[in-house]
Structures are given as structure tokens and as C-alpha cells.
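Note that the protein sequences, when read in sequence, are chains A and B.
Residue 21 in my numbering sits at position 21 of the first sequence, and the numbers go up by one each step.
Take the position in the second sequence, starting the count at 1, then add 186; the result is the number in my numbering.
These are computed hints drawn from the structure, not numbers from a lab.
Built from N, CA and C at the ideal position, the CB exists for glycine as well.
Keep in mind that the hints are not guaranteed to be accurate.
[Claimed, not checked] Restraint ranges, calculated between C-beta atoms of paired labels, are given here:
hint	chain 1	residue 1	chain 2	residue 2	range
1	B	Gly-360	A	Pro-168	26 to 34 Å
2	A	Glu-16	B	Ser-325	26 to 34 Å
3	B	Phe-361	A	Ser-57	23 to 31 Å
4	B	His-227	A	Leu-162	52 to 60 Å
5	A	Gly-116	B	His-227	16 to 24 Å
6	B	Gln-300	A	Gly-116	39 to 47 Å
7	B	Ile-344	A	Ser-57	25 to 33 Å
8	A	Ala-114	B	Ile-344	23 to 31 Å
9	A	Trp-183	B	His-227	17 to 25 Å
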Amino acid sequence: MTPSETTPAHRPSLTELFSAFVGVSLSGFGGALPWARRMIVDRKGWMTPDEFNEAFSLSQFLPGPNVVNFSVVFGSRFGGAAGAFVALIGLMAPPVAIVMLLGLFYFYYGDVPAFGHALTGVAAAAVGLLVATVAKMLLPLFRSGAIVGPAVAAVAFVAIGLLQFPLPWVIAVLAPVSIAIAWVWP
Amino acid sequence: MNPGNVLWILAVNFAVLSIFAVGGANVAIPEMHRLAVEVMHWMTDRQFADTYAMAQITPGPNVIIVALIGYHVAGVLGGLVAIAAMTGPTCLLAFAVTRIWDRFKGARWRAAIQSGLVPVTLGLMAASAFVVTRAADHSLMAFAVTAATATIAYFTRINPLWAFAIAGAIGLAGFL
Numbered sequence: 001m002t003p004s005e006t007t008p009a010h011r012p013s014l015t016e017l018f019s020a021f022v023g024v025s026l027s028g029f030g031g032a033l034p035w036a037r038r039m040i041v042d043r044k045g046w047m048t049p050d051e052f053n054e055a056f057s058l059s060q061f062l063p064g065p066n067v068v069n070f071s072v073v074f075g076s077r078f079g080g081a082a083g084a085f086v087a088l089i090g091l092m093a094p095p096v097a098i099v100m101l102l103g104l105f106y107f108y109y110g111d112v113p114a115f116g117h118a119l120t121g122v123a124a125a126a127v128g129l130l131v132a133t134v135a136k137m138l139l140p141l142f143r144s145g146a147i148v149g150p151a152v153a154a155v156a157f158v159a160i161g162l163l164q165f166p167l168p169w170v171i172a173v174l175a176p177v178s179i180a181i182a183w184v185w186p
Numbered sequence: 187m188n189p190g191n192v193l194w195i196l197a198v199n200f201a202v203l204s205i206f207a208v209g210g211a212n213v214a215i216p217e218m219h220r221l222a223v224e225v226m227h228w229m230t231d232r233q234f235a236d237t238y239a240m241a242q243i244t245p246g247p248n249v250i251i252v253a254l255i256g257y258h259v260a261g262v263l264g265g266l267v268a269i270a271a272m273t274g275p276t277c278l279l280a281f282a283v284t285r286i287w288d289r290f291k292g293a294r295w296r297a298a299i300q301s302g303l304v305p306v307t308l309g310l311m312a313a314s315a316f317v318v319t320r321a322a323d324h325s326l327m328a329f330a331v332t333a334a335t336a337t338i339a340y341f342t343r344i345n346p347l348w349a350f351a352i353a354g355a356i357g358l359a360g361f362l
């Protein structure tokens, strides 16, 4: 793709960037990714689907939360350091304020049986959503028919989920091994 | 512990954790659980599961659970310090890397890093689902709610908030 093909007709201003990411944040129940794509690709046309996938794949394997990284990658592409900053603040400020209000509520009413009971139910459903998301993401790994990928995933699962090894150690050992294997057998 | 000390502990732990959260906040959930419940004794298993649930019903990125853990430990300032530590360093890294990365499109080492990290990330996410399920579900009925929500979310396009609402009502009725 050449730049001329992909340059959008309209480059977002800093204000537009900020309000767009506030919008993504406030509509993003259960993860902000689908909403980010909807806003950037479908509604605003600021990126083509391919550009979005590329920018997101970069955000995904950089350390740190995906969508947060994405706001920085996207913001910097359209507005440099200032763009990255306003996109990040737009994404983070509203939910941080909301979640701490919930925390305050929990502090006062967490011991009230009714609130605790309702939250137990929501917690059970919330982990169910996570299980489904993980299952969907695992599907291509097993479909590919390769053995190495699922084996690496299984080792990571056992080390963290069952043996409860510290995360930094597991990654420090497993990531280089997995990358080396991918280097030798691309 | 004096308050400054607690903020420092929050900042260091979450900054270190963020570096290893390759693949997103969910990957780091088991480590947050280990830190908050088992190592630091900031909260009980039950409180951690509640915290996870509250972060889930808040719109926005899942990483905001970190603000809630910080808030639980040291109030509003604790929440802000924790979320800044969790997102600040990695955002600077993302900003630096995005400028370099595009230049090496098609490079073999770039492809190897990309495809090597994917299975690690997926295994960690599976572990994460396992750990939070064990923290959240303490009855057969709770496991049934989890299984039902997972099934609905996997096979249908129904908004998961409906499952959250119904599950909250089931919990409120005292069945869990």
C-alpha cells in the first residue's frame, strides 16, 4: 500500500481524537477493541481494515494492555506525541473515574449481603465471558494443525494456571524459546 | 506501612507487571491475584473476584481493574498511581516502537517475534481464565452460570451485558 492510497480524506484533529476515544471507552463494555474498530474503520474511515489490523497487531504483542497501546500507536500516527497523549487520556480517564466510584460504593456496601450476592452472580458471568473469548482466540492456534504452538500454550497454561509460577519467570524462559522456534521453523 | 510506602509498592509492582503483560491486561490477572491475595494480603479471594466483576461491568479497557486494586489499597491516590504505573512505561515504549516497527515490515526477525509470542500469550490468557474462574465460583450453581455465559458468548451474538444482568439477579435471589 502506498501512502497516497491510504491517507484518509480527513485527518482527525486533537479534539476529535480525544472525543473519539472517550466514545470508544464509554461504549466498550467487556473490552474496548470491537468499539475501537467500529469507530476508526467503519464510522470515521480514519484507517482501512488492513491498516487497522497492522496497527493493532503491533499493539497486541507490545507489553501492556492492547487497547491502551493501540490508542498510543493510533494517536501518534495522526498527531505525534500530543495525539498519543490525548487519545490515551480520552480512553483512560472516564473508566478510571467510574471504576473508583464503584470501588467507593463497594467500600460502603460490599458487606451488605444483597450487593455481595449480586456481585457473586456478575462475577460468575464475567469469567464466563473471559472463557468464551479465550476459546475463540485459541481456535486458530489448534486449527493450524501445528504442534509447537499448542504445546507452548499448554506449557504457559500449566506454569501459570496450575503451578502458579511468577509471570516474569515464565515469560523470560518461554518467550525466547518460542521466538527461537518460530525463527528456525517459520 | 506508611502511605508513601504503599504508593511506592503499588507503583513498582504494577510497572514491573506491565512489562510482562504481553497480550493484554487479562494475561496479567493471575499475577495480580498472586500479588494482591497471596503475597501482599491486600484482599481476600472473594474481594478479588468482586473487584474483577466490578472492572468488567465498567465500560472501557479491562486494565482498569488495576485502578480498583490500587483504590482498595490506598484510596483515590492509590488507584491513580497504580493505573499510571501500569500504563505509563508501556505507553512510552509503544510510542517509541511504533516509529521503528513500520520500517522493518517483512523482516524475518519481526515475523519470528510476532508468531513466537502468539502461543505464549494464548496460554497465559487460558491460565488467566482458569484462575479467575476458581476465584469467582464457589458453588456448583456459580459454575453453571459461568458455563452458561461462556456458551452464550461463544455461540451467539447476544450482548454479554444481558448475561451479567441475569446472573446478578440470580445472585441477588441467593442461589449462588
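Comparing the hints with the structure gives:
no., hint, result
1, Gly-360(B) <-> Pro-168(A): 26 to 34 Å, "violated (41 Å)"
2, Glu-16(A) <-> Ser-325(B): 26 to 34 Å, "violated (48 Å)"
3, Phe-361(B) <-> Ser-57(A): 23 to 31 Å, "violated (42 Å)"
4, His-227(B) <-> Leu-162(A): 52 to 60 Å, "violated (22 Å)"
5, Gly-116(A) <-> His-227(B): 16 to 24 Å, "holds (20 Å)"
6, Gln-300(B) <-> Gly-116(A): 39 to 47 Å, "holds (43 Å)"
7, Ile-344(B) <-> Ser-57(A): 25 to 33 Å, "holds (28 Å)"
8, Ala-114(A) <-> Ile-344(B): 23 to 31 Å, "holds (26 Å)"
9, Trp-183(A) <-> His-227(B): 17 to 25 Å, "violated (42 Å)"
Hint compliance for this structure: hints 1, 2, 3, 4 and 9 are not met, and every other hint is.
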